[in-house]
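Next come the chains, spelled out residue by residue.
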Amino acid sequence: MSEPTNTFEPRIVAFFCNWCTYTAADLAGVSRMKYAPNIRVVRLMCSGRLDPQFVMAAFAKGADGVLIGGCHPGDCHYVEGNYKALRRVTLLKRMLADLGIEEDRFRLEWISASEGDKVKHVVNEMVEKIRALGPLDMPGKHTHWDKEMEELEAHVNHSQKEIPAHAH
Amino acid sequence: MSNRIGVYVCHCGTNIASMVDCKAVAEYAATLPGVALSRDYKYMCSDPGQTLIQQDIKEHKLDRIIVSACSPLLHEHTFRNATRQGGINEFFFQMVNIREHDAWVHTDRAKATEKAKDLIRAAVHRVPFHKPLEKKTVPIKPDVLIVGGGIAGIHAALTLANAGKKVYLVERDATIGGHMAKFDKTFPTLDCAACILTPKMSTVKTHPNITMWTYSDVTKVEGFVGNYKVTVRRNPRYIIEELCVGCSECVEACVFKEPKFPDEFNLGLGKRKPVFLPFPQATPLVAVIDPETCIQLKTGKCKKTCVEACGDRKAIDFSQKAEEKEIEVGTIILSTGFKIFDAKRIPYYGYGTYSNVFTALDIERLVNASGPTGGELVLRNGQKPKSVAIVHCVGSRDENTNKYCSRVCCMYSLKLAHLVKERTGAEVYNFYIDMRTPGKGFEEFYSKVSGEGVHMIRGKVADVFLENPADKSGRMIVQAEDTLLNIMRKVPVDMVVLGVGLEAQADANDVRRQFNISCSTEGWFLERHPKLAPVNTFTDGIFLAGCCQGPKDIPDTVAQAGAAAAEALALIDAGSVELEPNTAFVVEQECSGCKTCIPMCPYTAISRNEDKKIAVINEALCKGCGTCVAACPSGAIKQNLFEDDEIFEEINGVLAHV
Amino acid sequence: MPTKPKIGFYWCASCGGCEESVVDLAEDVLMVTAAVDIIFWPCAMDFKKADIEAMPDKSIVATLLNGAIRSSEQEEMAHLLRRKSQVLIAFGSCAHTGGIPGLANQFTCEQIMKYVYEECPTMVNDQKTHPQTHFKDGNRETELPVIRNVVRALDQVVDVDYYIPGCPPTPKLLKEAVLALLSGKLPPKGSVLAPNIAVCQQCKRNDSKPQDISLTEFKRPHQIIADPDICLLAQGLPCLGPATRGGCDAVCIQGNMPCTGCFGPVDNVHDHGAKILSYLASTAAGKEEKDITKTLAGIPDPVGTFYRYGLAKCLLRGKVSQS
Ligand code: SF4
Ligand code: SF4
Ligand code: FES
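Protein chains in written order, with this note's numbering: chain A, 1 to 168; chain B, 1 to 658; chain C, 1 to 323.
Bound-form chain A, shown alone (with noise of 0.2 angstroms):
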C-alpha cells in the first residue's frame, strides 16, 4: 500500500456475447477458476452487436481497458456476427492507436463456450499489461483540460455586474 503504482487497479469493460463468450466466463466460475477482479461484463447477443460507440464510450467513462469476446470464426450462435464484430474491431484498433489508445488496452479474443480457461488467461493477462500501462483516466483528463476554461468563465460572469433588462 505504499507505492501509489501499487494501487493502480484498471478496470476493464468487456462485452462477451451470451452464447459463447459469456458462457465460458460462467464456466470458469463453475470450475472456480481465479482471476483478476478487474473486469466488468456487459452481455450481449452476439459479437455483432458490438458498436464501435461502446468501445467509445467505455473509454470515455474511464475504462482503462475494453475486452470483446466472441465466438470463434465459423461458430457464431447467428452465423457470421463475429465476422463483422472482426471488421469492426481491425479498423477500430487502427483508429484508437491514432487517437492515442495503447494496443494492450484494446483487445478482441474469441472464446468459446468451454474455454472457461481462456477467459482467466485473457482477463489476467489483460490486467497485467494495462497495469504495466498505467490509467487511462479519460475523465480525468478531460477535467484537466477543461480546467483551462474556469478562470475566464468566471471572469465574464461575474466581473460584469448583473444588467437587467429593464435598465435602457
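These are calculated hints, taken from the structure and not from any lab test.
Honestly, I wouldn't trust all of these hints.
Straight-line distance between alpha carbons at most 25 angstroms, and here's what the computed BS3-like set of lysine-lysine pairs gives [said to hold, decoys possible]:
no.: 1; chain 1: A; residue 1: 93; chain 2: C; residue 2: 319
no.: 2; chain 1: A; residue 1: 147; chain 2: C; residue 2: 319
no.: 3; chain 1: C; residue 1: 290; chain 2: A; residue 2: 118
no.: 4; chain 1: A; residue 1: 118; chain 2: B; residue 2: 111
no.: 5; chain 1: C; residue 1: 287; chain 2: A; residue 2: 118
no.: 6; chain 1: A; residue 1: 61; chain 2: B; residue 2: 314
no.: 7; chain 1: B; residue 1: 531; chain 2: A; residue 2: 120
no.: 8; chain 1: C; residue 1: 172; chain 2: C; residue 2: 6
no.: 9; chain 1: A; residue 1: 93; chain 2: C; residue 2: 287
no.: 10; chain 1: C; residue 1: 219; chain 2: C; residue 2: 172
no.: 11; chain 1: B; residue 1: 205; chain 2: B; residue 2: 182
Place chains B and C with the ligands on chain A using the hints.
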C-alpha cells in the same frame, strides 16, 4: 418520471456471501438514485425469495427489479416470472451475475464486493430504460428429426413414435444399429447385444410413425425452435429400397466370385463384394452397391449378373442419383455417437504393425457368431491364442492423447476377458491403471471375472514388443510396471487387445456448426447445463442423446435418449413456445433507406420497402443478434432488451464509481 | 415603431464560410434585414465588444455563433454572447461539432506551434520565434489571446440552444431557422435545426445503391472519376451519407463528391466517427483478418475521415496524449 427500483442481493447460501459482502452491497445499492428498496437475502431463487419480490412490488410499488445472484443463463427466467407475478412486466427485470462472474472467480473479498457494487450500479442505470415487452409465441411443429441411428437414436425414435409423434430418423450408414450392433455381449449382464437390439431395429423399420432414412446426411438446417427446415440428402445406394427384399441373390450372383474388399461393418477383418448387405440383421435389409468397387459404376462395362439375379424385382438401379428431401420439424435430437480412439496414435502398442494386436471393437467382431470368423477368436494365422493381454485406458486418461476417462473401457475389457477365457481358455491378463466399476452390478461383475482366473495387473502398459523382432505376427511381450507389487512385469502373449477409448466423431465440429450448438474442447456436444439441462443444448429445440455428448455406456445412453425424447415431447405437447423478444425493429421515420443493414442479417430478415424506401425487419425471421443494430449508421434500428440507451447506460453505470 | 428583434453574428475559429452563407441568402437577406435588427456582425459592421458588454443581459434575441472555440478571446466572447442572448445558436460545423479546426485535437499546442513556426517547409525562422501572448514595443504593450490546449465545440464552453449544421450551413437551413425563430416555432431546446434523417434519404443515387455492397477495396476521390449516377459508396468511395444528417439536399454528391459528414450525426448517434466506422467496416468484405485489413487499408486516415468535422465531439475529444 423517476423509477422505483427494487434491488435484491442474493447470498446463494455461502456461495456468494463468502466472497461478497452482500449486506454492504445491498446497503450501497440503497443509496443509488431510483432505488426504492434494497435487500440481501439468503436464497433469492427459493420460494420465499421469489415471493418476497412479488410482495415488495405490490407493497412498495416497485416498477423495476434487479436481482444480483447467479448467471442470467440459469435464473433470469425464474426472476422474470416472479416479476411478472408481482404484477409488472417481466422485462422490467434485470439480472446481475455476482456468482459465476464474481464470487466464484475472485479471492479478494473487498475487490469482489466492489465489483458487485459496480455491476449492480450498471443495472440500476440500465433498468429505467427497460420497456415493457411481450414474448412472442410460435407454434411447435409436431414432427421430430433424429440424427444418428445407433441405440440412442433408435430408442428416442421409438419413444416418440410410440407417443404418436412422427419421427424422421436419419442415419449415414447403410443400416441403423450403430456401434451396439457390432458388439457381441453387453456388460455386466452379458446379454447378447443383437438379441436386445435387433428387435428394436425392426420395430423402427416397421413403425408407422417412423420414416427411416439410412445412407443419408443432413445437409442444411434452417429455422428455430418449433420450426426447423432441414434438408436431408439420400445418397444413392444403387438399389431401390422399396423393391429390394434383402434376399442377397445379387450378392451371390456378382461377377466377383469371392468377397474381395474390406468389409466396413467388420472393421476390415472380413471381406465383402461390391454389392453387399452390411450384416445379416441390417435394417433396412437392403443391399448396397459400393461405387468405389463396382465395375459397372466405375467403368460402365460389367456383365451385370446382379441385375439378372434380381430379375423381376428390378431393384438394382445404376442410374440412381442423390436425392434431396426437405422436411419441417419442430425439434431435433442429435444422437450422432462416437468414434473409437485410433490406436495407431500410440505406436509402441504396435497396432497396425504387429498383426496380433487388436482393438476391443475388433475382438467384439471376432467373438461374434455373425462376425468374420463365425465367432472363433483366432490369431491371424487361424490358431487360438494361448495367452491374451487386454490393455485398459488406451488413449484415455493420458496427457498425450485424451485426458478424460472413457467410462466404458474397464467394463468392456472385463467383459472381453470373460469372453476370451470362455471361448479360448487362454490365460488372460488385464492391465489397468485403476479399475473403475461404478455402475449397477459392475463391481460384482469385476469380482466374477477375477474369480474366473483372469490376471489383473495394476500397471499402465509401457511397451509392447516382439519376442522375435523378425516375426511381426509372433509372440509379443507386454511390459508394465506392476504398481501393486512394485516390480516390472514382462508378460509374453499371443494376442494383445487394446481397450481403446471413445472420441467425438471426426466431423463433430461440422455437425455442431450445422445445428448451431457448442462443443467441448474434446469435441463432445455441449449440454446446456451439466446437471439441470443435461440433454438440452444452447439452441432451443435441439437435444442430445448418447455418446455425442460424452462417453457413456448403453444403459446411460438409453436413459438419456429417453430423456431427450421426453424433452422433445414436452415441447411438442405444449404446442407452442415463447421466444425471447430480443428482436430488432426499424424506427421508420429515422431510416434513411441507406441499405447498410440488409446484407448484415444472416437470416435475410431485413428487406427494403420499395414504396417507403426504407428497411423493414421481418420479426418472425429475426433471431435477435443485433448485428444490423450496430451497423445502422442512423441508430434507427433498435434491438429489444439491448437498445443502445440500455447498453450505454450500463457502460456509464459500471464505470460511475465514486 | 415596435423594435425589431435584435440578432447577432459572431465568428470564432472558422474559415468564414458560414457567414458567406448568410450572404448567399441573396435577396432573402433583405427579408431577414427587414425583419430583424442585426446589432452585431464584426465581419460586416463596426461594433465593439464594449458595446455588447454594455447591453442588458438577454437583450439579443438570438446570436448565431460560428466557429470552434480555440482561444481565450473566443471563449470570452462565447460567454459574453451567451449572457447577452436569449437564444444562442451554434452556426455551422465548427461551432456545432468542432469542425475542421477540431482536427487539431490530434496534436498538442506545442506540436502545432513547433510545426508552424519551425518545421513547416515554407517557414524560415532561424531565431525560432514563437508568438507571445504578451507584447511590448516601447510604450506599446498588448495582451494577445491565449491558444487553448484543445479545440472545443461551442457547447463544450457554454450552453447552446440550437445547432445549425453544415460546412457551411446551406442558406435554406439558415432561412428556415430564422423564420422559425421569428415565428417562435422553435423545436425543443438542444435540437439540431435540420431533418433528423441521414443524407441517403435525399440522395438521388440511392436507388442505384445495391443491397449488398461488400466492398473489397475502398477508393479515394482523387483515384477515380466516379460514375455520376451510381451510388458513390457502391463505387468504393467512403461516402458518409448513410451516417450523416441530411438537410443538405446531398449537394456534394450532386457534385460527384462523396459526403464527408459535415452535418454531423443524427440524434440517435453518440459518436459520429464510431458510427461511421461501424457501418463502413460492416460494408467491407472478408472473413480473414488479413483480407479485412487489406480492404480497410483503403481508409488510410480513420480519424481524419470519420471525425473530419467532429473530433472535438468525439467521445474521447481528441488524441489521448493531449496534456
Ligand atoms: S438483429 Fe440480427 S437477426 Fe435480427 S434483423 Fe438484425 S441482423 Fe437480422
Ligand atoms: S451512400 Fe452516399 S452516394 Fe450512396 S446513396 Fe447514400 S448519400 Fe447517396
Ligand atoms: S453469438 Fe457469439 S459471436 Fe455471435
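Here is how each hint holds up against the structure:
| no. | hint | result |
| --- | --- | --- |
| 1 | 93/A x 319/C | holds, 14 angstroms |
| 2 | 147/A x 319/C | holds, 17 angstroms |
| 3 | 290/C x 118/A | holds, 24 angstroms |
| 4 | 118/A x 111/B | holds, 22 angstroms |
| 5 | 287/C x 118/A | holds, 23 angstroms |
| 6 | 61/A x 314/B | violated, 77 angstroms |
| 7 | 531/B x 120/A | holds, 23 angstroms |
| 8 | 172/C x 6/C | holds, 21 angstroms |
| 9 | 93/A x 287/C | holds, 17 angstroms |
| 10 | 219/C x 172/C | violated, 32 angstroms |
| 11 | 205/B x 182/B | holds, 19 angstroms |
Of the numbered hints given earlier, the model fails hints 6, 10; all others are met.
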